[in-house]
Amino acid sequence: MNTATVTTPLARYVVRLADDNLILGQRLAEYISEAPELEEDLAIGNLSLDHIGVAMHLYEYAATLGDSSTTADKLSFLRTEREFTNVLLVEQPHAGFGDVIARQFFFSAYQTLLWEALASSADTILAGISAKALKESTYHLRHAASWVVRLGDGTDESHDRMQAAIDSLWRFTGELFESDDLCAEMVISGAGTDPAALQVPWDTKVAAVLREATLTRPTDPYQATGGRTGMHTEHLGYMLAEMQWMQRTYPDMEW
Amino acid sequence: MTYEVPDVPGEKTEEVSFSFDSRGWPLWEVFVRPKRGLNHAHVGSLHAADAETAVQNARDSYTRRSEGVSIWVVPSTAIFASDDSESFFEPFANKPYRHPTFYDIPPEVGQL
Amino acid sequence: MQTTAGEVAFHELIDADEKIEPRDWMPDGYRKTLIRQIAQHAHSEVIGMQPEANWITRAPTLQRKMTLIAKVQDEAGHGLYLYSAAETLGISRDEMQQLLHEGKQKYSSIFNYPTLSWADMGTIGWLVDGAAIVNQIALQRTSYGPYARAMVKICKEESFHARQGYSILLALSRGTDEQRAMLQDSINRWWWPALMMFGPHDSDSANTPQSIEWKIKRVTNDELRQLYIDQTVPQAHYLGCTVPDPDLDFDVETGHWSIGAINWDEFWDTVKGNGRLNRERITHKVKAWDDGAWVRDAATAYAHKQQTKLEKTA
Ligand SMILES: [Fe+2]
Ligand SMILES: [Fe+2]
Ligand SMILES: [Fe+2]
Numbered sequence: 001m002n003t004a005t006v007t008t009p010l011a012r013y014v015v016r017l018a019d020d021n022l023i024l025g026q027r028l029a030e031y032i033s034e035a036p037e038l039e040e041d042l043a044i045g046n047l048s049l050d051h052i053g054v055a056m057h058l059y060e061y062a063a064t065l066g067d068s069s070t071t072a073d074k075l076s077f078l079r080t081e082r083e084f085t086n087v088l089l090v091e092q093p094h095a096g097f098g099d100v101i102a103r104q105f106f107f108s109a110y111q112t113l114l115w116e117a118l119a120s121s122a123d124t125i126l127a128g129i130s131a132k133a134l135k136e137s138t139y140h141l142r143h144a145a146s147w148v149v150r151l152g153d154g155t156d157e158s159h160d161r162m163q164a165a166i167d168s169l170w171r172f173t174g175e176l177f178e179s180d181d182l183c184a185e186m187v188i189s190g191a192g193t194d195p196a197a198l199q200v201p202w203d204t205k206v207a208a209v210l211r212e213a214t215l216t217r218p219t220d221p222y223q224a225t226g227g228r229t230g231m232h233t234e235h236l237g238y239m240l241a242e243m244q245w246m247q248r249t250y251p252d253m254e255w
Numbered sequence: 001m002t003y004e005v006p007d008v009p010g011e012k013t014e015e016v017s018f019s020f021d022s023r024g025w026p027l028w029e030v031f032v033r034p035k036r037g038l039n040h041a042h043v044g045s046l047h048a049a050d051a052e053t054a055v056q057n058a059r060d061s062y063t064r065r066s067e068g069v070s071i072w073v074v075p076s077t078a079i080f081a082s083d084d085s086e087s088f089f090e091p092f093a094n095k096p097y098r099h100p101t102f103y104d105i106p107p108e109v110g111q112l
Numbered sequence: 001m002q003t004t005a006g007e008v009a010f011h012e013l014i015d016a017d018e019k020i021e022p023r024d025w026m027p028d029g030y031r032k033t034l035i036r037q038i039a040q041h042a043h044s045e046v047i048g049m050q051p052e053a054n055w056i057t058r059a060p061t062l063q064r065k066m067t068l069i070a071k072v073q074d075e076a077g078h079g080l081y082l083y084s085a086a087e088t089l090g091i092s093r094d095e096m097q098q099l100l101h102e103g104k105q106k107y108s109s110i111f112n113y114p115t116l117s118w119a120d121m122g123t124i125g126w127l128v129d130g131a132a133i134v135n136q137i138a139l140q141r142t143s144y145g146p147y148a149r150a151m152v153k154i155c156k157e158e159s160f161h162a163r164q165g166y167s168i169l170l171a172l173s174r175g176t177d178e179q180r181a182m183l184q185d186s187i188n189r190w191w192w193p194a195l196m197m198f199g200p201h202d203s204d205s206a207n208t209p210q211s212i213e214w215k216i217k218r219v220t221n222d223e224l225r226q227l228y229i230d231q232t233v234p235q236a237h238y239l240g241c242t243v244p245d246p247d248l249d250f251d252v253e254t255g256h257w258s259i260g261a262i263n264w265d266e267f268w269d270t271v272k273g274n275g276r277l278n279r280e281r282i283t284h285k286v287k288a289w290d291d292g293a294w295v296r297d298a299a300t301a302y303a304h305k306q307q308t309k310l311e312k313t314a
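Residue numbers (the working numbering), protein chains in the order written: chain A, 1 to 255; chain B, 1 to 112; chain C, 1 to 314.
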């Protein structure tokens, strides 16, 4: 039996939440030592640590559910691309700071709403993790939004670069709000929330920041999907190959 | 030594200008209140383009280990410093009568 | 030559073991020496992020990954504290960075060695941060106030670095044969470079006497190196490892370990820019800096716009 799996619906839901955080945390970690200033390098480190930290708590919780014998590390390092259920947005690579900020801004705007809803989950452990994570993502959003505004309303060059980053990641934002059977089940049990309900407040928030940043809200109707069912972009495989390299090369060891 | 780098014998060392140039983001002084009930204290400085980002940078750079509950940032150029020469402060050094220990009070008098 | 009041005060402060503060009169040589030393110390912290960042994305567990991120992040912070200390002497961070990018100021040669296995994350924390700690503890008493205060702050954070490193190595030492081989290989590669971190022998160290007189430097290279060797050799043995020195010897009378000859050719080669990764490290740094130019400019432009708006409404 594959020991890097969970089976109960709640556990699968919690792993899904964790996957978003681990993958984004890993992407941010790639950027460390490449930020435009030392101060921003420290900020990126904090973002990455917050996301990986919450991922670990969620995986640990998922591992206690059902009769699973898995661990947070097994879930992180021994699942394949098809088994990861993160949204596509967080696995997108960045070509520069504009991408890092656009990705963070879209995701944190979503995540603040998500944690706020989950903070009153009927599952008290999930509620506790969410309440704590809400404080972190509130700061993430503040930091990302202030950069969106500064880059959007900075120089002509920065305006164009920020607009390009916003435009190119826009197609991965619709997926954040997709419901599926698992979400529906979680809504019924009271543990989870319906992501579709977060879309309007997200759009309002995002539109307001883009307006302040003198940026145009994209209208691209095409929206990519598939992350929740393991249908990823090709980027994730390379990221996992790197992230999982130690555990795959040296199986069953203590580090 | 360690993070000190030895001069290579025969290699010329750079000339530095000693003049603050104004390239880059301005410098801010950071003051942190370690916990409620205590004063904000100077902890260091950092660079930021404006006050809002200076506060965020201070949070990310100077309170990573929960060193603070409140932050002030002040543009370094806004600090007006005293002249630290002896004549500036010495006049206070010869006024021992301002201090309680200057006065001998018999112990029988009790708490004063 | 006429001695000024400032000069007299400076020497009185140094003699009394008091700190020199930014606005005090100081000899040009003192200022220049400090700017160079603090700037190069700061460059070392910042360039030092790279060899460890090299393993963040491949760390074997979530906890190790987070610890390593936090550690590398601390090094960015150390760079920031030190640049700030140097800035009190009348040089801007941008100017120092430019000197680094142009190769006119250097950073510690230790960071020109490649990190080739996970064990190197442990060895760096233990040996490299360990060497830095020995030095930085001594520097907490350095005569320049802002530098001494930066050292106090940094030393507080460094003990976490050394301990997390040694804990990585302990796990390897208790692991499989493959892990123990990885550990020994790593010590073999880092041992000598770590000893070289303390710099040339006192007899070959031109600047030491002046720096000691000014109390910038409080303990000499060889004294610190010996302190470090004595503390480190037993720690290697505790891991079940050896250090790669056939001449290593313990003198029962003095209680000190003595080592074989250091390869100073390798040392000077690396200082001069011909180490394994000198060029890669600077290329990475310059690229990050250049790539960030539009971001820094944007923030400045935005701040000016806001300022102008404020002035108009006022
Ligand atoms: Fe450091
Ligand atoms: Fe360190
Ligand atoms: Fe260090």
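Because the hints were derived from the structure by calculation, they are not lab data.
Be a bit skeptical, because a hint or two may be false.
[Stated by the list, open to error] Here are the simulated BS3-like cross-link-like pairs (lysine-lysine), alpha carbons at most 30 Å apart as the crow flies:
1. C:K19 to B:K95
2. C:K156 to B:K12
3. C:K104 to C:K287
4. C:K287 to B:K35
5. C:K156 to B:K35
[As the list claims (entries may be wrong)] To list a few chain A residues with every Cβ distance to chain B over 12 Å, as calculated:
6. A43
7. T85
8. V149
[Claimed, not checked] Sample of chain C residues facing chain B (criterion: CB under 7 Å; computed from the structure):
9. Q37
10. L99
11. T254
12. R276
13. R279
14. A299
15. T300
Using N, Cα and C, we set each Cβ at its ideal position, and we do this for glycine too.
Each hint, compared with the structure:
1. For a cut-off of 30 Å, the pair hint linking K19 (chain C) to K95 (chain B) stands: about 25 Å separates their Cα positions.
2. Using a Cα cut-off of 30 Å, the hinted pair K156 (chain C) and K12 (chain B) is violated, with the two alpha carbons roughly 35 Å apart.
3. At roughly 17 Å between alpha-carbon atoms, K104 (chain C) and K287 (chain C) fall within 30 Å of each other, so this suggested pair holds.
4. Proposed proximity of K287 (chain C) and K35 (chain B) is contradicted: the alpha carbons are some 40 Å apart, above 30 Å.
5. Straight-line distance between C-alpha atoms of K156 (chain C) and K35 (chain B) comes to about 19 Å, which keeps the hinted pair within the 30 Å bound.
6. Under the 12 Å C-beta cut-off, the non-interface status given to A43 (chain A) relative to chain B is violated; the minimum distance is some 4 Å.
7. Every CB of chain B lies more than 12 Å from the CB of T85 (chain A), the least distance being 30 Å, so the non-interface label holds.
8. Against chain B, the non-interface label of V149 (chain A) is violated: not every CB pair exceeds 12 Å, the least being about 10 Å.
9. Interface hint at Q37 (chain C): satisfied, since its Cβ lies 6 Å from the closest Cβ of chain B, which is below the 7 Å cut-off.
10. Here the hint on L99 (chain C) is kept, as its CB sits about 6 Å from the closest CB of chain B, short of 7 Å.
11. Among the interface hints, the one on T254 (chain C) is violated; its C-beta lies about 22 Å from the nearest C-beta in chain B, farther than the 7 Å criterion.
12. Contact between R276 (chain C) and chain B, as hinted, is not supported at the beta carbon level, the nearest pair being about 17 Å apart and thus beyond 7 Å.
13. About 17 Å separates the beta-carbon of R279 (chain C) from the nearest beta-carbon of chain B, more than 7 Å, and the hint is not met.
14. At about 4 Å, the closest approach between the beta carbon of A299 (chain C) and any beta carbon in chain B falls short of 7 Å, and the interface hint on this residue holds.
15. Taking 7 Å as the C-beta cut-off, the interface hint given for T300 (chain C) holds, the closest approach to chain B being about 5 Å.
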